[in-house]
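For chain A, the structure is supplied; the task is to place chain B on it using the hints.
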Amino acid sequence: AQSVTQLDSQVPVFEEAPVELRCNYSSSVSVYLFWYVQYPNQGLQLLLKYLSGSTLVKGINGFEAEFNKSQTSFHLRKPSVHISDTAEYFCAVTEINTDKLIFGTGTRLQVFP
Amino acid sequence: KAGVTQTPRYLIKTRGQQVTLSCSPISGHRSVSWYQQTPGQGLQFLFEYFSETQRNKGNFPGRFSGRQFSNSRSEMNVSTLELGDSALYLCASSLATGGPFTDTQYFGPGTRLTVL
Chain A
1 AQSVTQLDSQ VPVFEEAPVE LRCNYSSSVS VYLFWYVQYP NQGLQLLLKY LSGSTLVKGI
61 NGFEAEFNKS QTSFHLRKPS VHISDTAEYF CAVTEINTDK LIFGTGTRLQ VFP
Chain B
1 KAGVTQTPRY LIKTRGQQVT LSCSPISGHR SVSWYQQTPG QGLQFLFEYF SETQRNKGNF
61 PGRFSGRQFS NSRSEMNVST LELGDSALYL CASSLATGGP FTDTQYFGPG TRLTVL
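Those protein sequence lines, which keep their order, are chains A and B.
No gaps in the numbering here: position 5 of the first sequence is 5 in my numbering, and each next residue is one more.
No gaps in the numbering here: position 60 of the second sequence is 60 in my numbering, and each next residue is one more.
So here's chain A without its partners, still in its complex pose (with noise of 0.2 Å):
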């Protein structure tokens, strides 16, 4: 059965300091893989996602994230965060030709000035 992990919960980080947020997830089949940010008080606004091709995947406000298939990973990435990227972020995965669309837990990612 298709999961999901996301192994850190929070994740300081100083302003313009690299981040990278972990997703590993688990499949014995093909998957689509997305990355959602919640801001607060708000619903979840689509990053990035995975559905086939480059394994490099480039998204909104500066978020990348990369497709590995032996590690079953998707981790996303920003070079240099802002104090706006204060959020949390959801991983999600489904399986193809599925009806299932599995998240992470969720990593609350708080800069700092």
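These are computed hints drawn from the structure, not numbers from a lab.
Please note that a few of the clues may not be correct.
[Unchecked claim] With a straight-line cut-off of 16 Å between C-alpha atoms, the simulated EDC-like cross-links for lysine to aspartate or glutamate are:
hint	chain 1	residue 1	chain 2	residue 2
1	A	K100	A	D85
2	A	K58	A	E20
3	B	K13	B	D85
4	A	K100	A	E88
5	A	K49	B	D85
6	B	K57	A	E64
7	A	K100	B	D85
8	A	K69	A	E95
[Stated by the list, open to error] Facing chain B, according to a computed beta carbon distance under 7 Å, are these residues of chain A, among others:
hint	residue
9	Y39
10	G43
11	L44
12	L46
13	T105
Idealized CB from N, CA, C, for every residue including glycine.
Just chain B now, with coordinates in the frame of chain A:
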């Protein structure tokens, strides 16, 4: 283009009551998905409707149901409310012509349901 709207934004109910939440998708979007977000269980997929038909369903009891109207607006109903149903309920819309998750989903701000 107007975003996804959800009404009401906040709701307080007591155990045993039922509740109906509403979601208006982005114009032209025919898919509406519902999610439950709680501190304990995180984000969980409830179900997805496309062209007035439930196309996909998560692992929730039958107390949770939904429907979609011809204008793509969707409602979610929870009967016999339990304390554990207290959550933020999010809906998302997308074109989703190729499946529920391949097209970008646009989320509404959510309805915060509190069950006392």
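Fill in: Interface hint for L44 (chain A), Cβ within 7 Å of any Cβ on chain B
Holds - the Cβ of L44 (chain A) comes within 7 Å of chain B, reaching about 4 Å at its closest.
Worksheet item: Going by Cβ atoms only, is Y39 (chain A) closer than 7 Å to chain B?
Response: violated (10 Å)
Practice prompt. With a cut-off of 16 Å on the C-alpha distance, tell me whether K58 (chain A) and E20 (chain A) pass.
Written response: Within the cut-off at roughly 14 Å; holds.
Practice prompt. Verify the proposed pairing of K69 (chain A) with E95 (chain A), using a straight-line Cα cut of 16 Å.
Written response: Judged against 16 Å, a Cα distance of about 13 Å means the pair holds.
Worksheet item: Regarding the pair K49 (chain A) and D85 (chain B), is the alpha-carbon distance no greater than 16 Å?
Response: Roughly 30 Å separates the two Cα atoms, so the pair is violated.
Worksheet item: Can the hint on G43 (chain A) be confirmed by a CB-to-CB distance to chain B that is less than 7 Å?
Response: holds (3 Å)
Practice prompt. For the pair supplied as a hint, K13 (chain B) and D85 (chain B), confirm whether the alpha-carbon distance does not exceed 16 Å.
Written response: Holds - the C-alpha atoms of D85 (chain B) and K13 (chain B) are around 10 Å apart, at most 16 Å.
Worksheet item: Keeping to a limit of 16 Å between CA atoms, is the pair of K100 (chain A) and D85 (chain A) held or broken?
Response: Given that 16 Å is the threshold and the Cα spacing comes to 28 Å, the pair is violated.
Worksheet item: Does K57 (chain B) pair with E64 (chain A) here, judged by a C-alpha cut-off of 16 Å?
Response: violated (30 Å)
Worksheet item: Does the nearest C-beta of chain B fall within a distance shorter than 7 Å of the C-beta of T105 (chain A)?
Response: Holds, because the Cβ-Cβ distance from T105 (chain A) to chain B comes to roughly 5 Å (cut-off 7 Å).
Discussion item. Between the alpha carbons of K100 (chain A) and D85 (chain B), is the straight-line distance 16 Å or under?
Written reply: Violated, because 20 Å separates the two Cα atoms, which is more than 16 Å.
Worksheet entry | Restraint status (C-alpha distance of K100 (chain A) to E88 (chain A) at most 16 Å) | violated (22 Å)
The structure is inconsistent with the numbered hints 1, 4, 5, 6, 7, 9, although it conforms to all the rest.
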